[in-house]
Amino acid sequence: MFVLVVGGGKVGYYLAKELIESGHEVALMEKDRSRARQIAEEIGSIVIAHDGCEGKYLAQAGSNRADVVAAVTGDDEDNLVICQMAKHHFDVPRTIARVNNPKNEALFRHLGVDELISPTRMILGSIEQDIPVHELLHLAALGEGELELIEAHLQSGSPAIGRAPKDLSIPDGCSLFAVIRDGVATPLRPDTVMLEGDKVIAIGKQECQDLLHEQLIGEPEEAHAG
Amino acid sequence: MKIVIVGCGRVGASLAEVYDTAGHEVIVVDSVTSAFDRLPSTFGGSAIRGDGTDEDVLRRAGADGADVFLALTEGDNRNVMAAQLANEALGAGRVIAKINDPVRATAYAELGIATLCRTGLMMDAVAEYLGLPKTDLPGMLAPTGHHPGGHHDDAGLRTTPLPLPNSLGGAAVASSASPASPSSVSSAVPASQPTATQEV
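Protein sequence lines, in the order shown, are assigned to chains D and L. Per the working numbering, the first sequence starts with residue 1, numbered consecutively. Per the working numbering, the second sequence starts with residue 1, numbered consecutively.
There may be inaccurate statements among the hints.
[What the hints assert, rightly or not] Quick list of the computed label-pair ranges, beta carbon to beta carbon:
id: 1; chain 1: L; residue 1: T144; chain 2: D; residue 2: E115; range: 21 to 31 angstroms
id: 2; chain 1: L; residue 1: K134; chain 2: D; residue 2: S126; range: 37 to 47 angstroms
id: 3; chain 1: L; residue 1: A125; chain 2: D; residue 2: R35; range: 50 to 60 angstroms
[What the hints assert, rightly or not] Only part of the chain D face toward chain L is listed, based on derived beta-carbon distances under 10 angstroms:
id: 4; residue: H50
id: 5; residue: D51
id: 6; residue: D76
id: 7; residue: D78
id: 8; residue: N79
id: 9; residue: H88
id: 10; residue: L111
id: 11; residue: K166
id: 12; residue: S169
If you're looking for bench data, these hints aren't it; they were derived computationally from the structure. Note that CB positions come from ideal geometry on N, CA and C, so glycine has one too.
Next up, chain L with everything else stripped away, as it sits in the complex (with noise of 0.2 angstroms):
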């Protein structure tokens, strides 16, 4: 499977070297080159520093048509964005995002993500230790809905942005891992990958 993970924590790390290990086609975004430090040395993956809400950049990623999306920043809102972008601009298969608001994580999951609450999850798990009663917070949602959508439905999200000048539209952001992190963090983009400006 092509797993795309956005944000690379001590969660977003953890399952990056699981599922690498497992064999899986690891794709690993974060903001911050220094965050790459929490995989192995022996992680194969790509790791592509760059900002997960930004479409290009996990197109460049190589994030299209991904079978899994995860979304593990430690900021809401952009998992949101990054998860509804998988889902809704780049085809993503199966993509949850980590939200730990639960107004917010109940309210996405009836518009079509899946959410994960560690609100809900960590007071539930201190509640079951102790023995006390669990909460009615949510934990990890599946989505119960689907966003009901904009004006033009039918017509699909336009992936082709409305037309720039070429001076500001088509700037790369993605960059790769530098080369202090794990000597196997491959680079940013497969050299065979063509980037956006060269549509033409």
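This is chain D alone, in the form it adopts within the complex (with noise of 0.2 angstroms):
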């Protein structure tokens, strides 16, 4: 595969260097020189030392013919707009993109950002996990980052507590599946009564988070905690 890594940092370099390594065709873009000349020493000469941003060169980059675009560059707004002109002028089949600000995924994904990845939302997930949380614990985005498995813990206060998934208005395209009660899953059936402690896992379309949080979790009253 031909693999054009636009973003010369930490994150850029071991990519690109991984991928050279697996035997991918790689071609990386860093605008500042002597960051590209470093890199260049180290990984050889697929390195291009220029703005991937700008269309002249991402044409010379051969981005026309590349398999993957992977924007990773500190800045979410330089990685938005790589991925769109890959994908819409250079008509690149795969673009992904690191998003630093999470609230901008909703945006890129809409733009017709294939993948996103984004450390502090992964940061936040791991710390999450520790932490009681009154909200939708995001486990993982599947697919393309259509659907997302979701698990809720089921305080006190959740209105599901005592009610089982057929009484519960669960939003379509999305499924309640198992339940992990005293650290052992089970399957989660329409008539299983869920109980205080529960953490309940579904998977579903981002869509149907509100709905899916105010049958789970309740109202956000905990929305001051911070």
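Dock the two chains into a complex; use the hints.
Structure representation (structure tokens):
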């Protein structure tokens, strides 16, 4: 595969290096000349010392024949533009963007970026697993980011306690499929009564989350906890 | 009309002054407070310090439902992103992004935003003065298409972000222009406007 990596920071550098080791064809664009030279000395002449946001240089780098473009600079707006240009102007089949501000994820997805990697959200997710939260916990994004694997920890006040899935209005396109009770995971059936302390695992589209939150967590009364 | 201008450089500040004088509601956003020094002391609109590519900042600034949204910072990509936020999330009417790279300027006009390319405009102005042939580079381009969108066009853009821990999710970024700015520069957020953290 031919992979065009834009952004020669730590992420771009190690990404390019790993890809080369796995036998892929790689081009790395880094606009800072001295940084570009430094990387070129280490991993060879695949480095293009130009701004990957600039249409002219994206063309020069061969983006029209790239299988994948990975935009991994430290700036969200740059990563968005790189992916949009790659996708819509150079017909690159697969675009991947690093997203630093998790709030930009929705916009990026909406505008057609194929895959989003948000280090901020990953770390948040990891932290959230250790602290009690009154929110839905995002375990993973599935498919091309359309579906999310979600965990809801039923705490006192949850409207789902003492009820079964068949008694709740579960949004369309969303499925509650397992419950973790005392560390044991069992399938969640339509008539399984949920108890306080249960962790309910659901899979569903992003749009379902508000309704799911209402059904499993309750109204967001704790929003001022911070 | 409600007119939002992101980027208070020479062009942004001059347009702000003109529209303010003409009686429009003008909101200027810039990440650097000193940029507002370019506004005249008579400026009666709002000057908000903050990142114009941050949806929260734009909302707090009152950019929701702007009739006109101009992204005029020095960064092509910042302008692209601000303009697309305005288009997709803030329901802005007419949106223009300054994009000096001709390739990007053309590409984004095809993706649904009006673009303004200084490179083309200036080259043509020079050519015209010298009586030489004009370039075929874009100047001011009207949108010719719409972005094809991601996987869920029908659902539209989720404007409510996915939940974040409260300690991290609700941080305010916008702040008012410093008192050192022209005296008539109003504060960042109208007092009556609820902040995002008051939704509960």
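Going down the list of hints, with the structure as the test:
no., hint, verdict
1, L:T144 / D:E115: 21 to 31 angstroms, "holds, 28 angstroms"
2, L:K134 / D:S126: 37 to 47 angstroms, "violated, 56 angstroms"
3, L:A125 / D:R35: 50 to 60 angstroms, "violated, 36 angstroms"
4, H50, "violated, 12 angstroms"
5, D51, "holds, 9 angstroms"
6, D76, "holds, 7 angstroms"
7, D78, "holds, 5 angstroms"
8, N79, "holds, 9 angstroms"
9, H88, "holds, 6 angstroms"
10, L111, "holds, 6 angstroms"
11, K166, "violated, 26 angstroms"
12, S169, "violated, 19 angstroms"
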